[in-house]
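Hey, can you work out the whole structure from these sequences and the hints?
Chains as they are written, first to last, in the numbering used here: chain A, 5 to 248; chain B, 5 to 248.
I should point out that these hints are in silico values taken from the structure, not numbers from a laboratory. It cannot be assumed that every hint is accurate.
Derived lysine to aspartate or glutamate pairs resembling EDC-like cross-links, with alpha carbons at most 20 Å apart [to be verified]: (1) A:K19 / A:D142; (2) B:K19 / B:E46; (3) B:K19 / B:D142; (4) A:K147 / A:D58; (5) B:K147 / A:E206; (6) A:K147 / B:E206; (7) A:K248 / B:E29; (8) B:K248 / B:E192; (9) B:K75 / B:D116; (10) A:K15 / A:E70; (11) A:K19 / A:D78; (12) B:K147 / B:E185; (13) A:K248 / B:E185; (14) A:K15 / A:D78; (15) B:K59 / B:E70; (16) A:K248 / B:D194; (17) A:K59 / A:E29; (18) B:K15 / B:D78; (19) A:K147 / A:E185; (20) B:K248 / A:E185; (21) B:K147 / B:D58; (22) B:K248 / A:E192; (23) A:K248 / A:E206; (24) B:K147 / A:D78; (25) B:K19 / B:E29; (26) B:K75 / B:E104; (27) B:K19 / B:D58; (28) B:K248 / A:D194; (29) B:K147 / A:D116; (30) A:K147 / B:D78; (31) A:K59 / A:E70; (32) A:K147 / B:D116; (33) A:K19 / A:E52; (34) B:K147 / B:E104; (35) A:K15 / A:E52; (36) A:K19 / A:E29.
Listed below are the residues making up each chain.
There are 2 protein chains.
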Amino acid sequence: MISSTQNPQIKLAAKLRDSSRARREHGLFFLEGYRLCMDALENGYTPELLLCTDKFDLPGAVHISESVAQKLGDTVTPQGMFGLFAHSPLSSLTTSPLKEGGKVVALENLQDPANLGAIARTAEALGLHGLVISGGCDVYHPKALRASMGALLRLPVTAVDNLSAWLQACTLPTYAAVPVESAITPSECDFSAGAVVVIGNEGNGLSQEAIAACDASITIPMRGRAESLNAAAAAAILMWELCK
Amino acid sequence: MISSTQNPQIKLAAKLRDSSRARREHGLFFLEGYRLCMDALENGYTPELLLCTDKFDLPGAVHISESVAQKLGDTVTPQGMFGLFAHSPLSSLTTSPLKEGGKVVALENLQDPANLGAIARTAEALGLHGLVISGGCDVYHPKALRASMGALLRLPVTAVDNLSAWLQACTLPTYAAVPVESAITPSECDFSAGAVVVIGNEGNGLSQEAIAACDASITIPMRGRAESLNAAAAAAILMWELCK
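In structure tokens:
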């Protein structure tokens, strides 16, 4: 039973919870909660360490005190189960769904892990084939994983270093989502052959390079005084149009 | 220049920032940031107190030190402007938009202020006529106001005590959003005469009373393993269908 937050395993867990850099350096990520840990196990992620309070009886898990669980928990009332898992080599989108009517959302430098998680959850629910991420998006951020309800552990996710180059090489039609009135609207698009919709950073939108690399720009017509939709709402509407 | 966080005005501001109950009792709410304070002033909200650091030169504002601004700020890098405003008598949806093709979203007991704000922002951007709130929704929560980008200060918002009774009396067609396969889908609906779409609590969905009070139940067809969309994503898709 670990009852000290100074225990090296607990300190590692806290580091992986808090630091994107630690997650990269160790090749591990932190999960909180029974459901997410089970999702990871079911989807073939390798557990490096499972931690739980006496409330759980999990083979191979190291037991921790309630006070350690409180410190480790990122939620208001931690359930008392945590896992450290090895990164999966991000499951690649195979070329076939990209060729044959694949429906994919690509994210450029999304800042807010809650948005990333929400978009992954919506993408899975609507039946998209995968997610492409680039820039600062960290799919192993605990907030992203939680907001995704595990979708980030199940959806095919590809991380690309150079999104513009990837878009230029992509054989599917590519659409840059922009808040620009002259862009085409979803009703003017035929998505039956599949498509990639590209969503930009919350504050700055898409880079000029990403917009130029796409076949067309797409917009959601707006009527009110709000200047733009938030990234997760825009993504939800465009993914819905893509999939229906 | 106020330089102590023990100053009664600063203590009141912090209370209004943190407590829904304090906001109700004082009939005031707390705003952070230049843009939101200007939105409130432009939309006729009465400022009880404006607070700013020396970075701003605002007539009538009380100056505060940088350290007080840091304490008061809810964001990582506070701009240094805050306002306490009187609640507006929540602007009523007049009966006319409800009669003549009005498009309205109603929220039952939404828990997460970020969701409430995101839904308001999307509603305004897509051109909905108003928002109906009930249960625990607090439109004066600083996180809701911030996530709405001020839309909650501009959109007509009606708070109702008994949502089911309001829905039953409503002359527009009413649709309960539910994750139930047998419900009708957006493509089966004709929204040209206007409609009210009702979104439920994040964890529990809509109450049986609210569902029963609606003319029909509507659902977003789902394909993936995710059991449901989050409230803001479901609302975005349904409001988009309502308005296009």
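Status of each hint after checking the structure:
no., hint, in the structure
1, A:K19 / A:D142, "holds (15 Å)"
2, B:K19 / B:E46, "violated (25 Å)"
3, B:K19 / B:D142, "holds (15 Å)"
4, A:K147 / A:D58, "violated (25 Å)"
5, B:K147 / A:E206, "holds (17 Å)"
6, A:K147 / B:E206, "holds (17 Å)"
7, A:K248 / B:E29, "violated (47 Å)"
8, B:K248 / B:E192, "holds (14 Å)"
9, B:K75 / B:D116, "violated (23 Å)"
10, A:K15 / A:E70, "holds (16 Å)"
11, A:K19 / A:D78, "holds (12 Å)"
12, B:K147 / B:E185, "violated (33 Å)"
13, A:K248 / B:E185, "holds (15 Å)"
14, A:K15 / A:D78, "holds (14 Å)"
15, B:K59 / B:E70, "holds (9 Å)"
16, A:K248 / B:D194, "holds (17 Å)"
17, A:K59 / A:E29, "violated (32 Å)"
18, B:K15 / B:D78, "holds (14 Å)"
19, A:K147 / A:E185, "violated (33 Å)"
20, B:K248 / A:E185, "holds (15 Å)"
21, B:K147 / B:D58, "violated (25 Å)"
22, B:K248 / A:E192, "holds (13 Å)"
23, A:K248 / A:E206, "violated (25 Å)"
24, B:K147 / A:D78, "holds (19 Å)"
25, B:K19 / B:E29, "holds (11 Å)"
26, B:K75 / B:E104, "violated (48 Å)"
27, B:K19 / B:D58, "violated (23 Å)"
28, B:K248 / A:D194, "holds (17 Å)"
29, B:K147 / A:D116, "holds (15 Å)"
30, A:K147 / B:D78, "holds (19 Å)"
31, A:K59 / A:E70, "holds (9 Å)"
32, A:K147 / B:D116, "holds (15 Å)"
33, A:K19 / A:E52, "holds (14 Å)"
34, B:K147 / B:E104, "violated (33 Å)"
35, A:K15 / A:E52, "holds (14 Å)"
36, A:K19 / A:E29, "holds (11 Å)"
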